[in-house]
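Peer 1: As a plain string of letters, each chain reads:
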Amino acid sequence: MSEKAKPLVTAAWLLFLVSIPLWLDNAYLLHVLIVTGIFIIAAMSLNLLLGYAGQLSLGHVAFFGIGAYASALVSLGFKVTLWPQWALTVEPKPVWLAMLTGMLAAGASGWFIGRIAFKVRGAYFVIVSISFAEVVRLVAVNWVELTQGPMALNNIPPVEAFGFVFYRKPANYWLVLGIAIASYVLIRRLVHSRAGRAMVALAENEALATSVGIDVTRYLVLAAVVSATMAGTAGALYAHYVRIVDPDVFLFIYTVTMVIMVITGGKGTLAGPVVGGLIFGLLPEGLRAAAIAPEAQWIVYGALMVLVVYFLPQGIVPALKKVRG
Amino acid sequence: MIPILQVRNLSVRFGGLTAIADMTMDVREGEVLSLIGPNGAGKTTAFNAITGYLAPTSGGIAFRGKSLKGMRTDAIALLGLVRTFQKTSVFGGRSALDNVLIGLHLRARQTPLAILLGFPYVEREERELIEEARKILGFVGLGKREKEQASALPYGDQRLLEVAIALAAQPKLLMLDEPVSGMNPSETAGFMAKLAEIRKLGITVLLVEHDMKMVMGVSDRVVCLSQGRIIADGTPAEIQRDPEVIRAYLGERFRRVVGGNA
Chain A
1 MSEKAKPLVT AAWLLFLVSI PLWLDNAYLL HVLIVTGIFI IAAMSLNLLL GYAGQLSLGH
61 VAFFGIGAYA SALVSLGFKV TLWPQWALTV EPKPVWLAML TGMLAAGASG WFIGRIAFKV
121 RGAYFVIVSI SFAEVVRLVA VNWVELTQGP MALNNIPPVE AFGFVFYRKP ANYWLVLGIA
181 IASYVLIRRL VHSRAGRAMV ALAENEALAT SVGIDVTRYL VLAAVVSATM AGTAGALYAH
241 YVRIVDPDVF LFIYTVTMVI MVITGGKGTL AGPVVGGLIF GLLPEGLRAA AIAPEAQWIV
301 YGALMVLVVY FLPQGIVPAL KKVRG
Chain B
1001 MIPILQVRNL SVRFGGLTAI ADMTMDVREG EVLSLIGPNG AGKTTAFNAI TGYLAPTSGG
1061 IAFRGKSLKG MRTDAIALLG LVRTFQKTSV FGGRSALDNV LIGLHLRARQ TPLAILLGFP
1121 YVEREERELI EEARKILGFV GLGKREKEQA SALPYGDQRL LEVAIALAAQ PKLLMLDEPV
1181 SGMNPSETAG FMAKLAEIRK LGITVLLVEH DMKMVMGVSD RVVCLSQGRI IADGTPAEIQ
1241 RDPEVIRAYL GERFRRVVGG NA
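Protein chains in written order, with the working numbering: chain A, 1 to 325; chain B, 1001 to 1262.
Next up, chain A with everything else stripped away, as it sits in the complex (with noise of 0.2 Å):
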């Protein structure tokens, strides 16, 4: 591809996926892009820990459900009680702000994160971001009284922005796009940058990249709190779209799916996390339509992701990138 077609082909491409929603007639279709989408921004949030910096957080599904569980609960409104005579109540608020609460528990929780990781890193802060996803999901579970545990944040508002309200599906998949876009296109302003090349730097050689002076800290918490909040924007997304938010968005399956989809796509890449996102998202809807028996499709889908995995080891974009030349 010519450098003079690269503006041409982008805008193609944008062209038709803001289009989807006007000849896709199939509802339920249309629901599989958004949460397909919402689990894109995720998995880009997870390539900049990931792909860039070099960090593996398995628990990444935290900044999700922190962001789901913080903007749900701003939006509805709560009570708690803190100290046995000391209460705090929440009123209800507007959509947008709650939204961006989401992000800043997020962010601040990766912050948090990025701290942990200075000190332990590989395997230990694996383990880590595991146990911090687990003990979040945990007070979900437990804290009745904020979280409504097991019975669920119900009836969450969907969102609203200057009057109009993102209730049907059309609506909330040009949101998604939208902010799909947007986090593509920091993500990629941070990877073309110093602070992009620190956090490969790190990844890559920590001694060298301290002894040119990359104070590795700052960028290793940089890249936590910007991957965080992207990720609280998904699960915020994610909140006002489904309009319920229960513990299970804490689960572990969700940290792996993400993972999935940006090993296969193809980690460091910043193409690899959708292309990733959208086959293994959309799989298992491509199999359900083929009439495989249900028992078979998550094997296909498994057996799939093992010869991606074991022939693209670097993932489908750098694969693809090396066949053209």
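Source of the hints: derived by calculation from the structure; they are not laboratory data. Quick caveat, the model's predicted, so the values are computed rather than measured. Watch out, some of these pointers could steer you wrong.
Quick list of in silico lysine-lysine cross-link-like pairs, BS3-like style, CA-CA up to 30 Å [said to hold, decoys possible]:
{"id": "1", "chain 1": "B", "residue 1": "1066", "chain 2": "A", "residue 2": "322"}
{"id": "2", "chain 1": "A", "residue 1": "119", "chain 2": "B", "residue 2": "1066"}
{"id": "3", "chain 1": "B", "residue 1": "1144", "chain 2": "A", "residue 2": "321"}
{"id": "4", "chain 1": "B", "residue 1": "1147", "chain 2": "A", "residue 2": "6"}
Start from chain A and add chain B according to the hints.
Peer 2: For chain B alone, coordinates are given in the frame of chain A:
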């Protein structure tokens, strides 16, 4: 004039093992000072202590009059003290150009917020940085290899790339840890010429090296360490005649071969 680097009574102990004992030396602005000595003498340990990779047990280090006590490596680099590593150390998965761009970290002014918000100056600065990185790659002689992945470069070129990365960090004092180990004689000769050019840029050089032809050829002064102690300090000619240095490190053969025509 104050020496650019002052090491005072520096000691480093690992448990019961004394790696460096009471080391005192100065590096003067603009000179090339070589640190020689047998393996295990404490040369690399001294490098690590000076650049903040490990905390000295006792003693002090000052760079341009400022104490480095308790400072992290990246903060020390910011002051202008940059080192390379004994074992080849590049950002292997990235292109040669990217390697030098990473080295230019301290020269860039862009902040995380400006980057995320896409301020126009960020892109302008990126273009300038790429120009600068190409210049540095050209300087070390890797101009034609900018697109190649660092780990795929021949060994000698990787060593040059390391120096390019260090130069990108704008050192005032460049510390090279065995830069020509593994290079063939013609590559070593090329590197010596490069070192003379680096010197002309006003960069002071502290060198650890086993290649005596190079050490004697490029150094203004030589310090010899043995078993953690400085046993000699002088010009290359003085060091070659020093009986202590010959006994501990150079060997009798050296006196006959090189020392004879010195």
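Peer 1: Now, for every hint given, state plainly whether the structure supports it.
Peer 2: Right, here's what the structure says about each hint:
1. The suggested pairing of residue 1066 of chain B with residue 322 of chain A is violated, with an alpha-carbon distance near 50 Å, which exceeds 30 Å.
2. Pair hint residue 119 of chain A plus residue 1066 of chain B holds up; C-alpha atoms about 28 Å apart against a cutoff of 30 Å.
3. With a C-alpha separation of about 22 Å, the suggested pair residue 1144 of chain B and residue 321 of chain A falls inside the 30 Å cut-off, and the hint holds.
4. Distance hint between residue 1147 of chain B and residue 6 of chain A is fulfilled; the C-alpha atoms sit about 21 Å from each other, no more than 30 Å.
Taken one by one, the earlier hints fail for this structure only at number 1.
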